[in-house]
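Enquirer: Here is what each chain is made of, one letter per residue.
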Amino acid sequence: MQAVRGYFRSPPAVIGLVLLLLVIAMAATADWLFPRDPLSLAGRPLVWPFQNSRFWLGTDNSGRDIAAQIFHGARISLLIGLVATAIAILIGIVVGAVAGYYGGTVDTILMRVAEAFQTLPNFLLLLVLVVVFGSTLATVTIAIGIVSWPAPARLTRAEFLSLRNREFVQAGRTLGMRDIRLIFGEILPNALPPVIVYASVVMAVAILLESALAFLRLSDPNVASWGNLIGLGRDVLRVQWYVSAIPGIAILVTVLAVSLVGQGLNDALNPRLKGR
Amino acid sequence: MTGPVLTLDRLGVRLPPGADRSHALQDVSLAIQPGEILCVVGESGSGKSMTANAVMRLLPVGVAIDGGRVLFEGRDLAVLPEAEMRAVRGAGVAMIFQEPMTALNPLRTIGDQIGEMFGIHADLPRQQVATRVRALLEEVRIPDPERAARAYPHELSGGQRQRAMIAMALALDPRVLIADEPTTALDVTTQAQILALIRDLQRRKGTGVLFITHDFGVVAEIADRVAVMQHGRVVEEGPAAEILQRPQHPYTRQLIAAVPPLRAPPPRPLAEDAVLTIRNLSKTYRTGGFLGRGARVTHAVRDVSLRLPRGGTLGIVGESGSGKSTLARCIVRLIDPDQGSVELGGADLAHLSRAEMRRQTRHIQMVFQDPFGSLNPRRRAGELVAQGPMVHGASRADAMARARALFQLVGLDPASVDRFPHEFSGGQRQRIGLARALALEPQVLVADEPVSALDVSVQAQVLALLADLRARLGISMVFITHDLRVAAQICDLVAVMKDGEVVEEGPVARVFGDPQHPYTRALLDSIPGRGFGAGA
Amino acid sequence: MRILALAGRRLAASIPTLFLILVGIFLLLQFAPGDTVDAMLAQMGGGDAVTAQQLRQFYGLDLSVPARLGQYLLRLVQLDLGFSAIYGKPVAIVIAERLPPTLLLMTAALSFAFFAGLVLGVLAARRVNRWPDTLISTLGLVFYATPSFWFGLMAIVVFSIYLQWLPAGGFEDITSLQTGIWRTLDIARHLVLPTLTLGLIFLAIYLRIMRASMLEVLNLDFVRTARAKGLDETRVVVRHVLRNALLPMVTLIGLQAGTMLGGSVVVESVFSLPGLGRLAYESVVQRDLNTLLGIVFVSAILVIVVNFVVDLLYARLDPRISAGG
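Here the protein sequences come in this chain order: A, B and C. Each residue of the first sequence is one higher than the last, beginning at 9 in this note's numbering. Each residue of the second sequence is one higher than the last, beginning at 3 in this note's numbering. Each residue of the third sequence is one higher than the last, beginning at -5 in this note's numbering.
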């Protein structure tokens, strides 16, 4: 509870939370405010923002409502961000916990694999995965989760390495506890906070990765994605730059919100390290 | 007599709002004469280190001097402008710290860091600086000063690093040296050498020394005068002999009474049969190397055989790196020994399978050193104690009832089972650790430095509790400690370890009273203030 | 000498990693729908099954998977990356042509991010929790949240379209043949925006790490020793804090090398730079799997080399490494 109070005492953390709630609200109200398919033709192409009250953020090159795409895009970004992060963190925790707790050969093998993933540029691996499995919403999300697991795994492993030799873990062992209980009952609860905080970084990167894929037109073309719209706007960048500019701001705000919340959580959970 | 070289006059230091008290120091008045060692002694939180930092004006953010004066060479350091204060630091008043490893920059050579003193306060040509550095390193009797000057901190031993720190502090012949627990992180034999060195150099140079310590043994060894601090105030001050022999203030008396004397109490009768027998136990570590070649081999425990009589207490003493902690962990199988056996009630613990060992844990339990690290911060105190019985099949309700009873037994309030570990003091937490170990009703308790992290008065209470429980419950104990005074008080038998081997063992009165092995003798000779506390 | 031996050992240890990557990716690509021949036929406007069969035979695509994997690895050992059907030349040559712009871009972006991050991090740490720190930290957060391709596009709008200061894309001006210093300057002009775009997120990361690292080192005991010696705050930072605080930054270069290479895919697409990243994108679109596999190989080698250099650098900075073995 002290952590909650600590969180709300930090202005950046509160701003981050407000922005994040705003994005969530956009995602939640998208169907209600813009019931039509956001990718369907809505009006004249390339209407500037604030010119037509029906399209207050204007229309894109094919006459689709930009505001509708922004609201529906919030859903896609949050969905991909959350699911991909959950996948990455889950794999990361299991791999990191096993490697860090058991050490030895198991650790060597698992870390070799993690190293292989980190040696290969993650965006390149993402491209390969998209080539192989296609670019539907599900495959892109899973692919982003798969390329993102090594960092949380390393973090979890480092926590486990430092915690497994703590005296309270040794005490658990001298009491006769089994490995499973030591890993999940004793060590993991203590190792979790930094990993949870790191999840905000993974989520920020996941949102950025998806938008980059969409920008290159390698993500699912059948959903309204901010990155897609930026890619479309590129064709009319010289004059109608707003088509690219608006969704970019949406991405920036979302990623910023996630980062701020993550940092606020970090400061609230580790009060001693405040300001780092 | 020319008058004091450093005078603290009713010094006050304020803590930031929200701290547990308003002032770290209040009305602290001290005077240090040239060529004198003034020991400031107190327990943690007494403000003794803050006194040192206040003189240097190196206080943490939010902490500031808010009253009184610090007189040095006719100036008040408390109000000196920062630039002038910098000229005093190092040149007029120098300081050495507790942790010689972390107090030196790991990325720069020793010679470079000592030479920096001349760069700051004197404008000497390079050649001359190198010569002076070498002379200083010789003066502090570092082996091979030429090489030491080129070495990085990690390449020297703890004692050598502290010598280098002293060389650095004394580089410019400061009139005052502040030593903040300079030997606390060192082994007892190294501590004796460093204390002798400080004493010798200080005598020759006529330096006034402000020596901060928590250890009355060290005080007895080195102090000319003593100031006792409690809660940020000086409660008693006077010549060392007077304070040590005839303490006036009740707090001083309490502190001195808590120092265990080195002489063992009369021996207790010991049972004939052994509850625990260790035979030829060995543990070897190999580090580094590639495919088995060029590996560094450390014999952490080498061919150790010991016997613990039922109901007795076997002390294992030694300096850091002697293998005593590894031995303790081998006995409870936190570490798998390479060779040998550990026999307890007909089972050889060293060769049990993991599952069999888990069942055996109810017969042998461990108490750990660190009262903060040994309790899972996310579990309530009662749960921590109840865990053991629950792992071994007890119901939650039974285990919790048992935890409450154990809290009573170790002198804790049974109502506090719902609190988290951080809500207890260090001594209380060590009692929780003890209750946890006792919850399984073990025959043997392995205690690894159980009182080393505690202040001396708390230490005395926990030792008394251990002795009481041992008598009441008939528990046998293996007691690991680096502190021979503690060993003398609680152990029936004692084994002295060095480099993984037991060099001497026997009844404690015999080993400490008539040591046979040269290392045991060196260890006993190194104890600061040997005679002190013996008559108490 | 010991430093070299240490780094050499690390280098040798990365061979299994490389093997793991290549086998993994090769097997993965076997699941890819459609192969190079399909892509070629599509480009030619369709063809009959017989032609496809002949082409597959010609490129060795009709063999079993293990056989092709074996062949592929055998050829790799001889540094033969295969033949790109799309570009009509050996993959090694295609990649070699595209490598220089990417290397140049990465070096420039890394230097920019590292040094700017260093300076900003130190400034922020020296004024911790006061307005310069708040400003720098906020900027860092915003930079971190900015999608690089979007920043690139907006930079083009501002600097190329409105202000017309810098070119909007390309590696050099091919309409006028230039030589020597003029060509260098022209390339530099073309690389300003891509460098800023690629470096931005890394600048944010470096500045955050540098700030945290400075604050951590400033709390260490030896800094108190340095102050007790009578050093002033500037000299404490320069002589004692900086080098210690740099260590995590150096580690980060190695960790981020792969990410940066991945980022170049997007940035090179935005600025139409003929580099490795753009080649990767093109080979994905054209399903030129041989080239894609070659790029994976070269990228992994590149990351390993960067890490090797970082190891050497780290060991130079930290005497504990070379001694510890």
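One should not assume that every hint holds.
From the structure, some residues in chain B lie toward chain C, with a derived Cβ separation under 10 Å [what the hints assert, rightly or not]: (1) Val81; (2) Leu82; (3) Ala85; (4) Ala96; (5) Asn107; (6) Ile122; (7) Asp125; (8) Leu126; (9) Pro127; (10) Val131; (11) Pro155; (12) Gly160; (13) Thr279; (14) Leu465.
It is worth saying that the hints were derived from the structure and are not from the lab. C-beta atoms are modelled at their ideal positions from N, C-alpha and C, and glycine is treated no differently.
Enquirer: Check each numbered hint against the structure and report the violated ones by number, ascending.
Expert: 1, 2, 7, 8, 9, 10, 12, 13, 14
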